[in-house]
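Enquirer: Each chain, written out:
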Amino acid sequence: MSVLEERYRRWLRLLPASYRAEREEEMVSAFLEGARSGRAGHDDQHPRLLEIASVAALALRLRLGGPGSPPGSYLWGESVRLAALLGLVFWTMIGSLYFGQAVLTYAVPADALPDGVMGIGDAGSPERGRLVLAELSSLLWAAGLGALVSGRHRAAKAAALAALVVPQVLVPPFAGGWDSAARWACSVLPAVVTVLALALGHHRDAPPSRLPARRAVRVLAFPVAVGVLLAVVVGVLGAATRAGAGPAGLLLQAWMWLDPTGLACLSLLGVTVWCVARRASGRASGRAAVPQAPAAAILTVPVVLARAGTLPADMTGVIGLAATLQLVVLLACGLTLAAIGMRALRAAGGGPSAARGTRPADAG
Amino acid sequence: MTAARAITEPAFLVLTALVDAPRHGYGIAQEVERLSEGRVQLKIGTLYGVLDRLAADGFVAADREEVRQGRLRRYYRLTDEGARALEEEAVRLADNARRAVERLRLRQAGGFA
Numbered sequence: 001m002s003v004l005e006e007r008y009r010r011w012l013r014l015l016p017a018s019y020r021a022e023r024e025e026e027m028v029s030a031f032l033e034g035a036r037s038g039r040a041g042h043d044d045q046h047p048r049l050l051e052i053a054s055v056a057a058l059a060l061r062l063r064l065g066g067p068g069s070p071p072g073s074y075l076w077g078e079s080v081r082l083a084a085l086l087g088l089v090f091w092t093m094i095g096s097l098y099f100g101q102a103v104l105t106y107a108v109p110a111d112a113l114p115d116g117v118m119g120i121g122d123a124g125s126p127e128r129g130r131l132v133l134a135e136l137s138s139l140l141w142a143a144g145l146g147a148l149v150s151g152r153h154r155a156a157k158a159a160a161l162a163a164l165v166v167p168q169v170l171v172p173p174f175a176g177g178w179d180s181a182a183r184w185a186c187s188v189l190p191a192v193v194t195v196l197a198l199a200l201g202h203h204r205d206a207p208p209s210r211l212p213a214r215r216a217v218r219v220l221a222f223p224v225a226v227g228v229l230l231a232v233v234v235g236v237l238g239a240a241t242r243a244g245a246g247p248a249g250l251l252l253q254a255w256m257w258l259d260p261t262g263l264a265c266l267s268l269l270g271v272t273v274w275c276v277a278r279r280a281s282g283r284a285s286g287r288a289a290v291p292q293a294p295a296a297a298i299l300t301v302p303v304v305l306a307r308a309g310t311l312p313a314d315m316t317g318v319i320g321l322a323a324t325l326q327l328v329v330l331l332a333c334g335l336t337l338a339a340i341g342m343r344a345l346r347a348a349g350g351g352p353s354a355a356r357g358t359r360p361a362d363a364g
Numbered sequence: 001m002t003a004a005r006a007i008t009e010p011a012f013l014v015l016t017a018l019v020d021a022p023r024h025g026y027g028i029a030q031e032v033e034r035l036s037e038g039r040v041q042l043k044i045g046t047l048y049g050v051l052d053r054l055a056a057d058g059f060v061a062a063d064r065e066e067v068r069q070g071r072l073r074r075y076y077r078l079t080d081e082g083a084r085a086l087e088e089e090a091v092r093l094a095d096n097a098r099r100a101v102e103r104l105r106l107r108q109a110g111g112f113a
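Protein sequence lines, in the order shown, are assigned to chains A and B.
Note that our numbering numbers the first sequence so that position 199 is 199, with each residue one more than the last.
Note that our numbering numbers the second sequence so that position 93 is 93, with each residue one more than the last.
Keep in mind the hints are simulated off the structure, nothing from the lab.
These figures come from a predicted structure and were not determined experimentally.
Certain hints may be false.
Stated by the list, open to error - Example chain A residues on the side facing chain B (calculated, C-beta under 10 Å, incomplete):
# : residue
1 : E33
2 : F99
3 : V103
Stated by the list, open to error - According to the in silico footprint, chain A covers these stretches of chain B (three or more CB under 8 Å from chain A):
# : stretch
4 : 11-23
5 : 70-77
Stated by the list, open to error - Taking beta-carbon pairs under 10 Å as the criterion, some of the chain A residues facing chain B (in silico):
#  : residue
6  : W11
7  : L15
8  : A53
9  : A59
10 : R61
11 : R204
12 : D205
13 : G249
14 : L252
15 : W255
Virtual Cβ for every residue (Gly too), placed ideally from N, Cα, C.
If we strip away everything but chain B, and leave its shape as in the complex, we get (with noise of 0.2 Å):
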């Protein structure tokens, strides 16, 4: 494993996408894409090119195969690690989101020159 490289917004969203439940390439296309209202659309070069990097920093895994309509489906997890790292991601974001909304409010209040 190499070391972990910075969390990118799809790669954000896709590891969001696996902690309910394991879900196979489209799956997890469909998801980030509900997730992101819309307004990230992960192609497929693009959507396997975050898991090879998400898979090589240990943050999800493969998860069993499946065969529907004569196509493979190859199913990703979520690992602890990925479930660490996420959750970090998420409290760093939420913090920095808290404070440029309570210095919006203060501008609002004039307390901002």
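Just chain A, with the same shape it has in the complex (with noise of 0.2 Å):
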């Protein structure tokens, strides 16, 4: 064996199995009869980037199946498609949140808020309008989320794309130094896998993502008003905080589970309770396998991150105690739903290969 077709076959061990069990053979003999002739993606000794890149985008697809795949690959297929979608909805609720949050601080009359609640920088300054416009940016998340389930997956993909950039180029999202940085990464990790999700799991070959229209309205109008009651709910908080009014305490509690990772915790601590639900009921019916528990399970990942990566310095206060709850919490979920996850994949089982069809002996 060649050097050149031991470094082609090592690239093949990315599709799955059954696929290389069927398919490895004269996907070799087809690379090597260009490299004999030159034309097929080779330099000496190394398959060409491009030709590595083909079969990558290939395991990808046949790894995140989609109808008509083997059921293992569907269901992870399926998976990363609701994590994506459930990514968005909590995104659009954060969206709609930081827009209500810059209705209240910057589109009220000045006269109607007390002094020093008036946000960041002056009036008309280009600092307020970078501010201003960052946060009227997060509503992209819900331009992305409507275009999903209106069946435009690449429209959904500029959106989230555009929703996670432009923020952080509007606003430099942190002022220097490694640490700095890397608490800056590990807090835009939830983010960057709902987008990764979107990417990876609407491939050419996934099903549509067009939900019927009113379901789609629901699904679009649900975060948008919770976001919005959120905002409500913040303000009053701001405003009971700077009044003083109640224990100071409590309040710190209060505001560490209103942010982002606060948020998501509570939203995984509810999806990983109805998954359980779910998983009691439907073994009492006998139901099939379902993707929302490995769904969670993914976007659960990175916001263990975020929260074990953003710890506040004194970990001995309320504040402390409110991150190393939700540490927990996040942690009891991930847990929960990776083996609830686990048992729907072994369920699904790894089924035959998805190009099965093509062999000789098949051929009508």
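Two chains, two separate frames, one set of hints: put the complex together.
Expert: Right under this line is the structure:
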């Protein structure tokens, strides 16, 4: 076996074993024929980057399969696509919260709010303009969700990517230094995973993402309504904190559960309880495996990292207690969801190869 | 078989490459490159992704296997359904091209303001 063949076969290991068992030899043959005539992707003894990229893209489509794929890869695909949808629902809620906060902070006449709560920068200043634009740009998540549920997954990907990048460009995410950069990286990880799930799950072979009109409206309206409601809650909590009303410890606890990581923690706890309840009733009624638990497990990983990577410096006080509690809740949810998800994936099984119908014995 | 998807340019060229004879993977890649005058060079991963989709839609099927110089060659052929789909797509593309040419001629003749 030549070095080139050995290296190409190594890249083919990206493909599912069942697919390789059926296609590896002819793929290697086709690749080497091209290499001999100097036409296929090779550079001396290395397959070219484009050739490797084509294998990686094929592996991704096979492992995150669409309709007609083996049950295991279809369930993985559905899990990643559902993770993208759930992530977009969550970030639409956060975007609506930021939008509501921006309206409350910057659009209410100056004399209607107490001194010192009019946001950052003077009215009309570039600094304030950038900040307001950054907060408004979080509505791009809603645009992404709307595009996805109406079946336009390319527009959804573009909107979600813009929602992720634009605020970072408008408002510098960290002041400098590795510690600051690491905390920022951890905090954006949940949004990055949502965008990645959207980009990877909705490939050419994925089923259409369009929902029936009424359901699509509900899926979009729910997080927007919750986000606006949360903006009001945050406004009231802010007024209570400024006025010194209520125990300071309780208010600090409340703030810890109202930031994106705290809200993600509460959302994942809700999904976990739902998955456990559904599993219990599903076991009784013998329902088939579903992708909710693996999807939520996928989303839990970056939230755990975000929480662990942005722990307060002082872990002894009320804030430290809330952060520890969140981490414990997230780990418990993650383990529960992973266990349910693994059972679902095991129940789905490996199944036959997606390309089984192309063998000569099956040709008709 | 799942519902047939839109025929992309690589899929169109792969179907066209199989019209006259069954071909194996590298043979299809070569023929596609020739048909497109070098514009479309299918990588092996892309080629097999296209073949998987076309097989799932029932447009191509495996024909036979050969071993040449110790290497496996699997040949693919166009099915009747694939030939019909290719013809429909070719007619649609030809109609579009004809309309575009007609309008361009009108424009050159000063028919459009």
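Enquirer: Could you run down the list of hints and mark each one as holding or not?
Expert: A quick look at each hint next to the structure:
1. Taken as an interface hint, A:E33 checks out: its beta carbon lies about 4 Å from the nearest beta carbon of chain B, inside 10 Å.
2. Because the beta carbon of A:F99 sits about 37 Å from the nearest beta carbon in chain B, more than 10 Å, this interface hint is broken.
3. Taking 10 Å as the C-beta contact cut-off toward chain B, the hint placing A:V103 at the interface is violated, the least distance being around 43 Å.
4. Taking a C-beta to C-beta cut-off of 8 Å, the stretch 11-23 of chain B contributes 0 residues in contact with chain A, too few for the three needed, and the coverage statement is violated.
5. Restraint check on the stretch 70-77 of chain B versus chain A: 6 residues with Cβ-Cβ distances below 8 Å, three needed, restraint holds.
6. Interface hint status for A:W11: upheld, as the beta-carbon distance to the closest one in chain B is roughly 9 Å, under 10 Å.
7. Annotation: A:L15 was flagged as interfacial toward chain B, and the flag holds, the nearest CB pair being 9 Å apart, inside 10 Å.
8. Checking A:A53 against chain B: minimum C-beta separation of about 8 Å stays under 10 Å; hint holds.
9. Evaluation of the A:A59 hint against chain B yields a held restraint, the C-beta minimum of about 8 Å falling below 10 Å.
10. Taking 10 Å as the C-beta contact cut-off toward chain B, the hint placing A:R61 at the interface holds, the least distance being around 6 Å.
11. Interface restraint check for A:R204: the shortest CB-CB distance to chain B comes to about 8 Å, inside 10 Å, so the restraint holds.
12. The criterion of a C-beta within 10 Å of any C-beta in chain B is met by A:D205, whose closest approach is roughly 7 Å, and the hint holds.
13. Of the supplied interface hints, the one on A:G249 is violated, with its beta-carbon coming no nearer than about 58 Å to a beta-carbon of chain B, more than 10 Å.
14. Interface restraint check: A:L252 against chain B, minimum CB-CB distance 53 Å, threshold 10 Å, status violated.
15. Look at A:W255: its Cβ only gets to about 49 Å from chain B, farther than 10 Å, so that hint breaks.
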